[in-house]
Amino acid sequence: MSKRKLFAAAATAVAGALALSACTPTTPGTTGSGTGGDAATPTAINVAWNQAFFSRNSDTDYGNATANNNILYMANDAIGYYNQDLEITQNPSFGSYELVSEDPLQVEINFAETATWSDGTPVTAADAVLLWGATSTNFNTVSEAEQESIEVDDDTGEVSGVAGDAVYFNAASPGYQLITDFPEISDDGKSLTYTFSQPFVDWEILAMSPTTVPAHVVGMRALGAADAEAGKQAVLDAFQNNDRAALAEIAKVFNNDFNFKSMPTEEDLLVSSGPYVITDLVEEQYITLERNENYQGERTPSIDQVTVRIIPDAQASVQALQNGEVLITQPQSTADILQQLQAMDNVEVLTQSGATYEHVDLVFNNGGPFDPATYGGNADTARLVRQAFLQAIPRQQIIDNIIKPLNPEAEVRNSFSVVPGSPEYDATAEANGMEATYGGGGNVDAARELLAQAGVTNPTVRMMFAQNNTRRQQEFQLISEAAGQAGFTVVDVSSVDWGQLLSQNDQYDASLFGWQSTAVGVSQVPPNFLSDGQNNYGGFNSTRADELLNELNVTTDPDRQNEIVREVEKILVDEAFGITIFQFPEITGISNQVTGVSSIPLAPTYFWNFWEWEVA
Amino acid sequence: MARFIARRLALAVGTLFVLSFLMYGLLEFALDPLVDLRENPAPNRQELIDNRIRLLNLDVPWYQRYFLWLGNFLTGDFGIAWRTMQPVATLVRGAIATSVQLVFAATIISILLGVTIGLVSALRQYTSFDYAITFVSFLLYSLPIFWVAVLLKQFLAIGANDYLQSPTVNWPLVVILSIVSGLFWAGALGGKRAKRIQVFVGAFVVTLAVFAGALLTGWVNNPTIGIVGIGVLSVALALGVSALFAGMNNKRALYAALTTAVLGTVLWWPLQWLFFYVEMNWLWIIGLLALSLALAALIGWLFGGPDRQISIRGAMITALFTSVLIFVDRVLQTWVPYNNAPQIRGRPLATIGASTPGLNADFWMAQLDRATHIMLPTLALVLISFATYVRYQRGAMLEVLNQDYIRTARAKGLSERVVIVRHALRNALMPLASIVPVDFITLIGGAVITETIFGWAGMGRLFITSMDGQEVDPVMFYIILTGGLAMIANLVADFLYAVIDPRIRVNA
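So the protein sequences, as listed, match chains P and B. Counting with numbering that gives the first Met the number 0, you get residues 0 to 615 for the letters of the first sequence. Counting with numbering that gives the first Met the number 0, you get residues 0 to 507 for the letters of the second sequence.
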């Protein structure tokens, strides 16, 4: 074959090939994208979270995790929610609550006509009764001895070992435990009244979200009820008549059925009452929620589809934000991450305080430098030593060096029990005198003077904190330096097992760790400071504080609650119980493709106003 | 033989038992399932703690708990990840699949690339090419993957996506890449100075032309291969395969490969209609691939000749390549709709996850979506792991090249191609039999850091999450699985070696 023929053949082949490729089927576009032409393309947003959703029921012991709560906050409606100032905002489109009487404490909950589950069934008292019954522990018939034998079946995740018709709800709520009588239910089933056996301070937090999983679904699954109405009635009857056989079935469904990490085959498990319903769930990858067509409430979102992608790695979530794969992220805060976010165009960065706060607690009863027993029972000497140590803690320096790089607006936290930014914070911080007494801390001269006054020279303080936490190591450096100048010898007794060691207070004299606030309510306060409180590791003991805290436990009047908290905090500062340092910083990166996003220190953080988000 | 296997298996079981006991004990000290509750100020904390102690049998000493666990494990009950109440069996099913998906391609590419470059490097021993490869492979080997991954994301995903929004030709970069390509080929092909210069210029021009063409014609925003591209590439490969494995003098082998290439190219057209009318799935694709390989084998067989095997092999390699091209071509046809999808919005290269949530994709677009997600993690894994293969293969090849039988082969006047491909290469590949099974089976253990950084939920991530969550059961499953598989892999490697190399006997 000559060269010319070869070229001719090649040219023919190419021409033929081109001709052939011209008459191939046209590539179909995105197959059936959207609702087809006439409707506008649905709006969608992807956001990042660091842990995957794993239970539709966040009211069991193990289901109660932020990863679930965030999703359910969007999927379930509630009567009240926290706004940006951490005030409770009412949502009358779902319902309302009312304090009927203070003694006995009676709370009435009304569900609005517009409160509906996503399958069209109205939300009624039965749904509330289910939550109360399940978390009250009053229906659990399993004795302590029997409970020993309870096991969770590994293949089905089922709680087994519960003998016969024994009832065991794997859930406990301190508030609902106090409601021992069956609530009074109105004829139309739309409202109910709880009567507490003793006053409960945070009744409002209970009443804010009175439902969890839908009672009719539980009734149908557990008791084989034929329809939604029958399902609700079956659940109500079971609790009202304390029908052990039925309750045992209900408990199984409540404990087990709602735990899933990928899309369940039974759709009734996804029924929810909020603006969104779960429509897709891929294990450890993402969860998608779409607009609930049956939602009639007020919190109507502007975005049709919200996908929460699971990105555990902070760096990865920041790069995903930069690449437009997610539009909001709240990564674990480090100075590097913040710098990276700030360097990005088109990204707004919010730096603010989170829910956890750092503090130093002192030990009163271990024979150490802060224990009166060391000084022959001289309480004044011990108090002076405590005050000296707290004076030396360089609070402002810790914030300037460690926290400011992450949150330029960071400030010293001056209250033991009130979250900064919440309505009561300023008044409490002023009343307790912490600011006035210690200021920014690091007052070496004042500390030295107090020590001299106490007549104690060179006391040794063993300080415990998490050994594997660099931030706390840095804090310890600053504290031991300043306290050293003031005349203390500070010993590092940090441990990776610090959590376990907290209750063994002979191992340390001062502890440095964080408490996490989960609600604005005050029922979290007494356990920390009561002389027999479960979180009072340091053995702090004050008769007056105990009196006040026990009163707080049964006070429902918010004004009186605040008074008590202020007075207790004053005692804590005067007695040099310990000191609070800072609120953990929190960074939120928000793409400029979305507007209306902000974050609050408490769960559900940046999801709090999801219905106000808008995508460009 | 049977005694050997029995002894090895018994040893493996014993080792696993000791391993699991020790690990369980270590985990007991390392993990504290109550840690989150200790920091929880809730008033009902004691009840929560009691519930958890009951759930996890924490009131029983750990060695008793170990035997409880062992009993369950042996009866096929792998326990639960108590934090999410998910049975371990269901968790690992998804995780293993994800890990294999992620690491499979990376391992294959590393082996192919590493072995090839290692061979060439050995053939060009002590040239600047050899030194450059040694330098680069050690450099890559020493890079930390979390850093490589972050850089890859920054430049090849975020940067590339930005670039795709408004592509302009970055001439200095294109020229530099072309020079590197020219140097690489000149060094790899070697020869006299004149030939090297020729190769350099050729490779430089071709690379420059390809880059410039792709960028200037807007190909990067609508990448396709098309029937012409498939034809040209297939024929080029057919020529290359023939030249390398059969020699250009073996006309039958050459024609078999060329016929396969042309037939494959022509079949592109009816296949477009098949793909249009029939909803594809992996079963179809594998079936079609098998069919094409069978056809190629038939073509090779028909050309026949004294050495049929060579023709058949050449044709089959060509068919495999052409089939892959046709597949890739069809996948690339979905590029434009994919790029315009509301979930993509013109940023096709992903940094995170295994797929785009909510993407409304058919089979082909789903493959494209998978490709855009798997590209970066694969690249990261290849970059740092192929160095091992390069070094390994270079050493093996050099050792073989110094053998007496190579000198004999040269002395009896065989062409250099035959000496290298027939006599040296085959023997140099033997040691791979002992490392490839191990590498493949450790895939299932996942790539802990890569998975975390790229947001893939594989075994590595399961391990880390379970550790963080203080969950003993999934961690123990991971340990038993990886430990057990490692032992099996070594056993397989020993056997494979014995099968390939007749000098070795396993009867001991």
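One or more of the hints may lead you astray.
[As the list claims (entries may be wrong)] Per label pair, the in silico range of CB-to-CB distance:
| # | chain 1 | residue 1 | chain 2 | residue 2 | range |
| --- | --- | --- | --- | --- | --- |
| 1 | B | F137 | P | G15 | 46 to 56 Å |
| 2 | P | A10 | B | N280 | 35 to 45 Å |
| 3 | B | Y276 | P | D187 | 55 to 65 Å |
| 4 | B | F16 | P | Q499 | 22 to 32 Å |
| 5 | P | E292 | B | L67 | 45 to 55 Å |
| 6 | P | S261 | B | N56 | 23 to 33 Å |
| 7 | B | V335 | P | G15 | 17 to 27 Å |
| 8 | P | K4 | B | Q100 | 32 to 42 Å |
| 9 | B | L282 | P | S261 | 18 to 28 Å |
| 10 | P | G15 | B | V205 | 23 to 33 Å |
| 11 | P | S261 | B | L150 | 52 to 62 Å |
| 12 | B | V417 | P | K4 | 32 to 42 Å |
| 13 | B | T407 | P | A10 | 22 to 32 Å |
| 14 | B | V205 | P | A10 | 49 to 59 Å |
[Stated by the list, open to error] Among the chain P residues that face chain B by a calculated CB cut under 7 Å, a handful are:
| # | residue |
| --- | --- |
| 15 | S20 |
| 16 | P24 |
| 17 | F53 |
| 18 | N258 |
| 19 | E282 |
| 20 | Y285 |
| 21 | D531 |
| 22 | N535 |
If you're looking for bench data, these hints aren't it; they were derived computationally from the structure. Beta carbons: idealized from backbone N, C-alpha and C, even for Gly.
Structure-based check of all given hints:
{"no.": "1", "hint": "B:F137 with P:G15: 46 to 56 Å", "verdict": "50 Å, holds"}
{"no.": "2", "hint": "P:A10 with B:N280: 35 to 45 Å", "verdict": "39 Å, holds"}
{"no.": "3", "hint": "B:Y276 with P:D187: 55 to 65 Å", "verdict": "58 Å, holds"}
{"no.": "4", "hint": "B:F16 with P:Q499: 22 to 32 Å", "verdict": "30 Å, holds"}
{"no.": "5", "hint": "P:E292 with B:L67: 45 to 55 Å", "verdict": "49 Å, holds"}
{"no.": "6", "hint": "P:S261 with B:N56: 23 to 33 Å", "verdict": "28 Å, holds"}
{"no.": "7", "hint": "B:V335 with P:G15: 17 to 27 Å", "verdict": "26 Å, holds"}
{"no.": "8", "hint": "P:K4 with B:Q100: 32 to 42 Å", "verdict": "49 Å, violated"}
{"no.": "9", "hint": "B:L282 with P:S261: 18 to 28 Å", "verdict": "23 Å, holds"}
{"no.": "10", "hint": "P:G15 with B:V205: 23 to 33 Å", "verdict": "26 Å, holds"}
{"no.": "11", "hint": "P:S261 with B:L150: 52 to 62 Å", "verdict": "33 Å, violated"}
{"no.": "12", "hint": "B:V417 with P:K4: 32 to 42 Å", "verdict": "33 Å, holds"}
{"no.": "13", "hint": "B:T407 with P:A10: 22 to 32 Å", "verdict": "49 Å, violated"}
{"no.": "14", "hint": "B:V205 with P:A10: 49 to 59 Å", "verdict": "21 Å, violated"}
{"no.": "15", "hint": "S20", "verdict": "5 Å, holds"}
{"no.": "16", "hint": "P24", "verdict": "4 Å, holds"}
{"no.": "17", "hint": "F53", "verdict": "4 Å, holds"}
{"no.": "18", "hint": "N258", "verdict": "5 Å, holds"}
{"no.": "19", "hint": "E282", "verdict": "5 Å, holds"}
{"no.": "20", "hint": "Y285", "verdict": "4 Å, holds"}
{"no.": "21", "hint": "D531", "verdict": "12 Å, violated"}
{"no.": "22", "hint": "N535", "verdict": "11 Å, violated"}
In summary, the numbered hints that this structure violates are 8, 11, 13, 14, 21, 22.
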